[in-house]
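Enquirer: Mapped onto numbering that gives the first Met the number 0, the consecutive letters of the sequence shown carry residue numbers 0 to 332.
Mixed in with the good hints there might be a few duds.
Derived EDC-like pairs: lysine to aspartate or glutamate, alpha-carbon spacing no greater than 20 angstroms straight-line [said to hold, decoys possible]:
(1) K112 <-> E144
(2) K116 <-> D105
(3) K116 <-> E132
(4) K21 <-> D9
(5) K116 <-> E152
(6) K304 <-> E8
(7) K279 <-> E267
(8) K204 <-> D187
(9) K279 <-> E298
(10) K130 <-> E261
(11) K204 <-> E144
(12) K36 <-> D105
(13) K103 <-> D9
(14) K109 <-> D78
(15) K279 <-> E253
(16) K15 <-> E82
(17) K272 <-> E298
(18) K204 <-> E223
(19) K103 <-> D35
(20) K174 <-> E189
(21) K103 <-> D92
(22) K103 <-> E144
(23) K15 <-> D26
(24) K204 <-> E261
(25) K103 <-> E223
(26) K279 <-> E309
(27) K174 <-> E213
(28) K130 <-> D105
Here are the simulated distance ranges between beta carbons [said to hold, decoys possible]:
(29) Q81 <-> L177: 49 to 55 angstroms
(30) R85 <-> E122: 46 to 52 angstroms
(31) M53 <-> V318: 37 to 43 angstroms
(32) S30 <-> P127: 48 to 54 angstroms
(33) P77 <-> P151: 43 to 49 angstroms
(34) G106 <-> Q81: 19 to 25 angstroms
(35) P70 <-> T219: 56 to 62 angstroms
Please keep in mind that the hints were generated in silico from the structure rather than gathered at the bench. The beta-carbon is built from N, C-alpha and C at its ideal position, and this holds for glycine as well.
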Amino acid sequence: MPIYLYWGEDDFSRDKAVATLKQSVLDPSWSSFNFDKILPDQPNGLIFGLNQAMTPPFGLGSRLVWLVNCPITYYCSPDLLQELERTLPILPDTTTLLLTSPNKPDGRLKSTKLLQKYATVREFSPIPPWKTEQLIQQVQGAVTEVGVQCTPEAIAALAEAVGNDTRQLYNELEKLRLYSSSPNTIIDVEAIAALVQVNTQSSLKLAAAIKSGETAEALTLVAELIAHNEPALRMIATLVAQFRTWLWVKLMMEMGVRDEREIAQAAEVGNPKRIYFLRKEVQSVSLMSLRQTLPQLLEFELLLKRGAPETATLQTAVVQLCRLFQSGTFPSA
Numbered sequence: 000m001p002i003y004l005y006w007g008e009d010d011f012s013r014d015k016a017v018a019t020l021k022q023s024v025l026d027p028s029w030s031s032f033n034f035d036k037i038l039p040d041q042p043n044g045l046i047f048g049l050n051q052a053m054t055p056p057f058g059l060g061s062r063l064v065w066l067v068n069c070p071i072t073y074y075c076s077p078d079l080l081q082e083l084e085r086t087l088p089i090l091p092d093t094t095t096l097l098l099t100s101p102n103k104p105d106g107r108l109k110s111t112k113l114l115q116k117y118a119t120v121r122e123f124s125p126i127p128p129w130k131t132e133q134l135i136q137q138v139q140g141a142v143t144e145v146g147v148q149c150t151p152e153a154i155a156a157l158a159e160a161v162g163n164d165t166r167q168l169y170n171e172l173e174k175l176r177l178y179s180s181s182p183n184t185i186i187d188v189e190a191i192a193a194l195v196q197v198n199t200q201s202s203l204k205l206a207a208a209i210k211s212g213e214t215a216e217a218l219t220l221v222a223e224l225i226a227h228n229e230p231a232l233r234m235i236a237t238l239v240a241q242f243r244t245w246l247w248v249k250l251m252m253e254m255g256v257r258d259e260r261e262i263a264q265a266a267e268v269g270n271p272k273r274i275y276f277l278r279k280e281v282q283s284v285s286l287m288s289l290r291q292t293l294p295q296l297l298e299f300e301l302l303l304k305r306g307a308p309e310t311a312t313l314q315t316a317v318v319q320l321c322r323l324f325q326s327g328t329f330p331s332a
């Protein structure tokens, strides 16, 4: 009775994993009979899915039942919970039950705990754009999977260009694979610069421009990010995370802490060696400015979630934040 729970906002990686699972479970000749994809708007979808999961497959292969955007990991009525408790332990070995959700499961719910007991849980969340080491590892794995040969410098450049957008990563790798179709062709940095479209004018560059008080450059980066369809809330989230890291590093420096491991633990930085560079980045920045940045960013995040115009809101945020780092205090309203 294989049961899987795939969750996370990286829908491209999640869909790739679903396709791999589908290929491994279903016999191609019988897939139309043995594959059920149940959408969230289907009435009594969970009950129907569980009933289908109890049905033996036709012909060869196994049965795959896919509950798309299943809500039971963040809401589950007593009746549905009872049905899960009754069905999950007795699912036949010939059925694979797959539940997917963009949201993180609520660990407090009995339904989530039940799934954690019986299911294989996989997370498909985008790598935070400031975790450069993980982004490079992701690119390296995709390069190996697609079969493209790249220099280490090219892999780093590709990671910077596409950020955590896995869909764009694989699209660019397909382009590079066609470019390097001749034997023994190795992709270098020059090829990346010529062929790869930089859709993630990185929000980290935007954070650096704000920290330096460079209003014109920051506004230019905002315009480029918007032009390349970077979601405004994702930009704000990246800024919040980056400024939070800078704040912790600066705070620990002000407290006289010198141990890089201790600073890394407080700032939730995975690689303590990165603290050396983060110290340099905040050396000339005031602690007060960094402290005032986060509440302001959270206010703009709230405005965006309430439907404020993205472009105007981001431009206002950038101007105010840059003025903060130019003067050391927020301008009065």
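Enquirer: With reference to the structure, classify each hint as holding or not holding.
Expert: Evaluation of the provided hints:
1. K112 <-> E144: violated (34 angstroms)
2. K116 <-> D105: holds (14 angstroms)
3. K116 <-> E132: Roughly 32 angstroms between the alpha carbons, so the hint for K116 and E132 is violated.
4. K21 <-> D9: holds (18 angstroms)
5. K116 <-> E152: Given pair K116, E152 is violated - Cα atoms ~43 angstroms apart, limit 20 angstroms.
6. K304 <-> E8: Holds, because 17 angstroms separates the two Cα atoms, which is no more than 20 angstroms.
7. K279 <-> E267: holds (18 angstroms)
8. K204 <-> D187: violated (23 angstroms)
9. K279 <-> E298: Distance of about 28 angstroms is beyond 20 angstroms: violated.
10. K130 <-> E261: The hint holds at about 18 angstroms.
11. K204 <-> E144: Cα-Cα ~29 angstroms, so violated.
12. K36 <-> D105: violated (24 angstroms)
13. K103 <-> D9: holds (12 angstroms)
14. K109 <-> D78: The hint holds at about 12 angstroms.
15. K279 <-> E253: Holds, at about 14 angstroms.
16. K15 <-> E82: Distance ~30 angstroms between K15 and E82 Cα, so the pair is violated.
17. K272 <-> E298: violated (33 angstroms)
18. K204 <-> E223: Distance ~12 angstroms between K204 and E223 Cα, so the pair holds.
19. K103 <-> D35: violated (24 angstroms)
20. K174 <-> E189: Holds, at roughly 15 angstroms.
21. K103 <-> D92: Judged against 20 angstroms, a Cα distance of about 27 angstroms means the pair is violated.
22. K103 <-> E144: Violated, at about 27 angstroms.
23. K15 <-> D26: Holds. K15 to D26 sits at ~18 angstroms (cutoff 20 angstroms).
24. K204 <-> E261: violated (26 angstroms)
25. K103 <-> E223: violated (30 angstroms)
26. K279 <-> E309: This hinted pair is violated, its Cα atoms lying about 32 angstroms apart.
27. K174 <-> E213: With a Cα-Cα distance of about 35 angstroms, the restraint between K174 and E213 is violated, given a limit of 20 angstroms.
28. K130 <-> D105: violated (25 angstroms)
29. Q81 <-> L177: 49 to 55 angstroms: holds (54 angstroms)
30. R85 <-> E122: 46 to 52 angstroms: Because 28 angstroms falls outside the window, the suggested range is violated.
31. M53 <-> V318: 37 to 43 angstroms: violated (60 angstroms)
32. S30 <-> P127: 48 to 54 angstroms: Check failed, 37 angstroms falls outside 48 to 54 angstroms.
33. P77 <-> P151: 43 to 49 angstroms: violated (55 angstroms)
34. G106 <-> Q81: 19 to 25 angstroms: holds (20 angstroms)
35. P70 <-> T219: 56 to 62 angstroms: Roughly 42 angstroms apart at Cβ, these two residues miss the hinted range, so it is violated.
The structure is inconsistent with the numbered hints 1, 3, 5, 8, 9, 11, 12, 16, 17, 19, 21, 22, 24, 25, 26, 27, 28, 30, 31, 32, 33 and 35, although it conforms to all the rest.
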